[in-house]
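Asks: When the letters of the sequence shown are read in order and numbered with mature numbering (1 follows the signal peptide of the UniProt record, and there is no 0), they come out as residues -30 to -1, 1 to 638.
By construction, these hints were calculated from the structure, which means they are not laboratory data.
The hints are all genuine.
Simulated crosslink set (DSS-like; lysine-lysine; CA at most 30 Å straight-line):
(1) K380 - K346
(2) K108 - K202
(3) K104 - K202
(4) K288 - K231
(5) K535 - K499
(6) K380 - K499
(7) K346 - K499
(8) K231 - K346
Quick list of simulated restraints, FRET-style, between CB atoms:
(9) S467 - N408: 23 to 29 Å
(10) D373 - F227: 25 to 31 Å
(11) M455 - T401: 28 to 34 Å
(12) I216 - R410: 53 to 59 Å
(13) G193 - N96: 22 to 28 Å
(14) R552 - E339: 53 to 59 Å
(15) N271 - L101: 41 to 47 Å
(16) I216 - L397: 18 to 24 Å
(17) P310 - G193: 50 to 56 Å
(18) N408 - P461: 24 to 30 Å
Even for Gly, the Cβ is constructed at its ideal location relative to N, Cα and C.
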Amino acid sequence: MGCSSRSFFLTTLLAAGLLSIALFAELTCATRLRQRPGPTDAPRGGSVNEAGVFALRGRQEGNRRSRRTTTSTTSTTTSGSTLIPLPDEVAQPAALLAPEEESWSTSSSTTTNVPLPLDTAATSSNPPLELVVKPHSKVILPCELEGNYSRLLLPGARSYRIRPATWLHEGSPVDMITIDTRTEMSGTGHRYIGDSTTAALHIDNVRLEDDGVWGCRLEDDRGKILFGRPVKLVVLEAPRGTYLLIDGRRLDPGNQFVPVKEGSELILECAAEGGNPPPVLAWGMTLSQATLDGPEQPPDNLTVSPSTSGGSSRAHLKVLRGHHNATIACVARHITLTVPMNASILLDVQYTPSFAITRLPGFGIPIVEGMSVSLKCEVDSNPASTPIWQRDNGPPPVEQSDDGWLNFTKITRAESGWYKCYTRHMLGIFTSIGYFLNVRYDPDMETEAEALNGEATDSRRMEVQIGGAVTLECDGGCWGHGPGMDPVGGPGPLALSRVVYQEAGEYRCVAPDRKMQDTWRAQLPYHIKVTGRPMVHPPSQTVTANEGEPLDIVVEFCAEPSYTKVLWMSEEHVYTPGAPPRDGVQALAIEDGGTESCYRTTLRFETIQWSHAGEWLLLVRSPEGIADASVMLNVTRASGYSHAHVRSASVTYLLFCLLLTILQEHRR
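Given these sequences and hints, build the entire structure.
Replies: Structural data, given as C-alpha cells:
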C-alpha cells in the first residue's frame, strides 16, 4: 500500500507539472495575440489636442475634402478615437496599405522616451543635414529615409499616415499638428506643422529654443519604426558683448588698468554673452610704444589654453617688466557681426628698481683734479622711486640735485671713492652697483702713458654683490675676461646675472675693426669687484682612499672682504692652515686660487689610517659671514672592504653562508 501511495503521489505531481506548462504556453500565446497592433490602433506619435481639431474643423466647414489633424505631446491620457474620412482623389496602392485601411484616425496614446530595440528601429546612418536660419523666419525640415523606405514618402504612398510621423527635438517629441500643407497652412495656430504628404516639419517663427538636432520618426504598415536623417538646425543669434575675467572675477569695463607684479603668472578668461553658434575668440597683445622703441623687447609669451567649451577662452602670461603698459585684447568674431567685438585691459606692471649710472665726461676719459665732473643715477621702477647717492656707504661730498645729479665744479683727489645710489621702493630698499671714481693728480704723466699705449689707461670700476646682476655696455664688439681675454660674449652689451666670485676681474670689449680709432672709449676695460659673504666650492664631497697611502684634500673658497679665519676640523682635532702637522695630518698654508678674491686650502694626510675615516669640516669666516664645506672620507683596505662599510660586508657574508647551508640541505 505504501508503494502504491508513493507511485500515486509521483504520478499526480508529474501530471500537475505538465498541466502547468500547457497553461503557461497558452497564456503566452494569448498575450502575444493581444500585443499585435491592429489597423485601428492608436498612433505612437502622441495624443490629440481635441479642441484644436474641432476648431480646425469649424474653420474648414463647407470644404469638400475632409482632412486629418494630429498633435504630438507627452500626454499619457487615453481618450476616444476621432475618425475622419480620407480624401477621395488620393490614390491608395494596395501594396502599401493595411488590409483593412479605409480611414485613419487621430487619438491620444501613451508616448515614452524609452529607446527602441535595434532590431525594430531603422536608424539613419547619414550625417546630420545642417540648416542655418535667422530668428523669426520660417524653415522646413525634410524627413529623409534611406534605401527602399524612401518609397513611403512618395506622393501616392500614404501607408505611414496610419501611424503619423513624429518629430523629435534633442530626443524628445514635440507638440505638432499634421495636415496637408499644400492647402491647409493658414490659420492653424501651431508653430510646428507636419506635412501629411512628405512628413516634413514646417516651423513658423523660428526661435532660439528651436536650435539643436531634429529627427523624424514614423512607423510603416508592418509596425517597423523608421528614423529619418537627422537635421541640425542652427538658429543664429548675435553675441551681445564680450568681457574678461581674472581669477574668476569679472573686470569692470570702465577700468582697463590691471596692476600685476613682475614675475607673476597672469591668467585671463574671455567670455561672450550670447551668440549662437558660439563666437570665435582670439587673443592678441600689443606692447607699449616705449617698449617697442627700447633696446630689448619681451618675448611673445601670451599662451592660449585649448578651449573646452564654446563662448569662452583662457590665456596666461608670464609677466615681465617689458609688458608694462601693454594691451591684451580678446576679439570675438561671429557670422552675424560686420565688425568684431573686443574686450581689452592695460597692464600696470609693478617691477623692482634697476639703476643706470652715467658720467660727464664719458666713461674712459681720465679724471684729473680741477675738472668739472657730473654723475647721474637713474632709477627705472614702477611705481617710480627717487635715487639717493652714497660714497663709501656715507653721504656724498657734494649736494645731490632733485633729478639725481652729483655735480663737481672742480673735483679733487679727496673726492675719489666708491659711488653708488640706492632707493626706497614699495617692494623694499634697492642698491645699484658701485662705481669707483678715480681722480688723478699729474695730467702730464697720464698723457704720456696714453700716447705710449694708444688708448686711455683708465678703467671703469664697478662693484656688485654676490648673486647680483650687472650689464656692461659695448657698441658691437666682443667681450674678453681675465688676463688671457677668454671669450665670454658679444657682440653688444654683456649681461651678468647671479654673479659669483669667479666672474670678478677685468672685462674688455674689443672693437670689431682696428681702423675704428674713434671707438677707443668703448675699448676701455671694466673692472668688476664682487663682494659678499664667503663661498666654498665644492660645498660637499666624498673621498675614498686606501689605507697606508698619502692623500691631499683641496677645497677652494672666495671672500671679499677677505677671510679672517680658516679652520679644518675632525671629530677630535682642529687644524689651522700653516700650523705643524698633528698625527700625520696638516692643513697647508693658504694659496692663491687664480681668481680675484679666491683662495685654495689643502688638508694633507701623510699616511691614511683607519682612524681618519669619517667627516671632515672646513670653516671660512669673513666680516660678511661664515661658510662651511663637508668632506666624507672613506678608508679602504687592499681587500676592497671599506672601514665605513664593514658591518654591511659582514651581513652580506652571513647571508651568503646561510644560502650555502640551504642549498646543501636541499641536495640531501
